[in-house]
Amino acid sequence: MEQSKLQRKSIEYRKTILKIIFESGAGHTGGSLSCIDILNVLYNSVMDITPENFSSFDRDHFIQSKGHSVEALYTVLLDCGFYKKEDLGTLNNFNSHFIGHPTKKVLGIEHNTGALGHGLSVAVGMALGLKMDQKKHQVYALLGDGELSEGSVWEAAMTASKYELENLTAIIDRNRLQITGSTEEVNPIEPLQDKFLSFGFNVIEVKGNDIASLVEVFQKPKKEKNKPNLIIANTIKGAGISFMENQVSWHHKVPSQSEYDLAIHELNEAFENVQ
Amino acid sequence: MSNNMGKPNLEVFAETLLNEAKKNSKILVTTSDSRGSGKLVPYSKELPEQIIEVGIAEQNLVGISAGLSAAGKKVFAVSPASFLTARALEQIKGDIAYSDLPVCLVGISAGISYGQLGSTHHSIHDYAVLRCIHNMSIVAPADNFETIQAIKQAVNFKSPLYLRFGKKPMLDISHENKDFNIGKAKFVTKGEDVLLMATGETVQRAYLAAQILSEKDIHATVISMHTIKPFDAETFLSESRKSKVILSIEEHSIHGGLGEQCASILAQNDIKTNFKILGIPDEYMINGTQSDVLDYYEMSPEKISKTVLTLLSK
Ligand SMILES: Cc1ncc(C[n+]2csc(CCOP(=O)(O)OP(=O)(O)O)c2C)c(N)n1
Ligand SMILES: [Mg+2]
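Order-wise, the sequence lines are chains F and G. The C-terminal position of the first sequence is numbered 280 in our numbering, with every residue numbered one higher than the one before it. The C-terminal position of the second sequence is numbered 317 in our numbering, with every residue numbered one higher than the one before it.
Among the hints, a few may not be true.
What the hints assert, rightly or not - One side only, chain G facing chain F, incomplete, derived with CB under 7 Å:
| no. | residue |
| --- | --- |
| 1 | D36 |
| 2 | P45 |
| 3 | Q53 |
| 4 | E56 |
| 5 | I59 |
| 6 | G97 |
| 7 | Q119 |
| 8 | G121 |
| 9 | A131 |
| 10 | R134 |
| 11 | I151 |
| 12 | I289 |
| 13 | N290 |
| 14 | G291 |
| 15 | D295 |
By construction, these hints were calculated from the structure, which means they are not laboratory data. For clarity, every value in this text was computed on a predicted model and none was experimentally measured. All residues carry an ideal CB built from backbone N, CA and C; glycine is no exception.
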């Protein structure tokens, strides 16, 4: 897919994220906006996952370990044809399967997440299973940076490297914020590169809200033989909306009508400016 | 009976703990990126030296709390009930209960308070798993008064304790009885026809059900069984001998909580009665707000009173 088309999609996706959060009255705004470009590039130009092949294990896999950013995932899956707009319209309604975290009741979702620190272990298991069966498919897992405080992430990292899971790519949404404040104040995770290098990963940094850089990194990954991959995606929490960017308060804040209108206005302007 | 709406117990917990901690520098709060959810931002601003932040790491939280307790601190470890009691269960079992360290574990947004965030965030397993750990005490205050008393008693509690809080404003159900002691059943209303056993946020539902029943001239004893463990079997037994119908109501799985505790006591004491457990059934839980889900599983005051009538007519 052309990059300008991907760029336009990212803007449309942001509008959908805000719309469903605004209309359903709940959601994780900041973290969905920080990771949406990553999901866009993965689902539209990298991974082999479609509604048609989803029921088979013979395809690529994506685990959203930072499950709270489910609005980003719902948005991309909708655009990829996994379900209809009306289905997503039931978000947070009584008895809907569209809730505030991913569940397998929704087609296209691979694993139930929401408790942080689980996704990488599950992804390691999937990657190992594919490797045992000599399948070429890839497994991607998206983690939050605050999530890295969970010890289980590092247990999974050790096993990934033990089994030389070249088919595994963990992506850190490095937006530098969690609920309480900045990651470096709450529980410092730097030096992040060095940590994963010492755990035996092939580590790559990327501008995580820049389509061109993401396309480059995901389409032509500079892999190292027998090493699992770790992509540090340097993102902005709330990316794309001036007054939400880098604001810890937007972690799970729902926009008011005027904030919503302003945000949509900013996105419409950005859409006009795509080259 | 009068109905006065109070604040969320969680808010009252945070205010009370701040007051206690100002008087006692040994009190420490430990959090896992959870101070906002625990309403502890004012605490963290007023007493920055008395709060330890470990990041999103609940197992670490409980282990560190154990160590701080061994070092003579009075620790309140505050984290969503679900992550605290599922993720860190082994630390609770080994480092707190077995090692006998008087940490106070505070499970916030408990039960199904998180509504549409789904099962990863719900704690309908916590009574069950903690009940079978020796040396754990388990307390779920019903209203603001019980919350204040529970915190004050927790400060001086000499063994491991789990406190469970929801986040909805709660009715004052203590205006007629201000006798709160951990380990002792608390009467909310007294009546001779039925016995409603409830705990935590479901006490208010039982209390409202009793109001509906009293209009039909049926009189209920409502007990706030705030302490799930150690269970006040004596009070329960003497009350159950007097009642034609007994209902237990809990925001927890029907397995392993208040209801099964009651059932076990009834069966082993040869008490034949019309008894029913209300709770979350063992199924893929329906999605919705806390209130809608509790209503759906027959725990609305209307439904509770109807169930009582059905059992009475048996
Ligand atoms: C095990 C667990 N503990 C706590 C939470 C509550 N929680 C939800 S989101 C969040 C902050 C996540 O921060 P980060 O990983 O940096 O995500 P992002 O900034 O991308 O939103 C926390 C603590 C959780 N979902 N799971
Ligand atoms: Mg973050």
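- Structure versus earlier hints, numbers of those that do not hold, lowest first: 2, 3, 6, 9, 10 and 11
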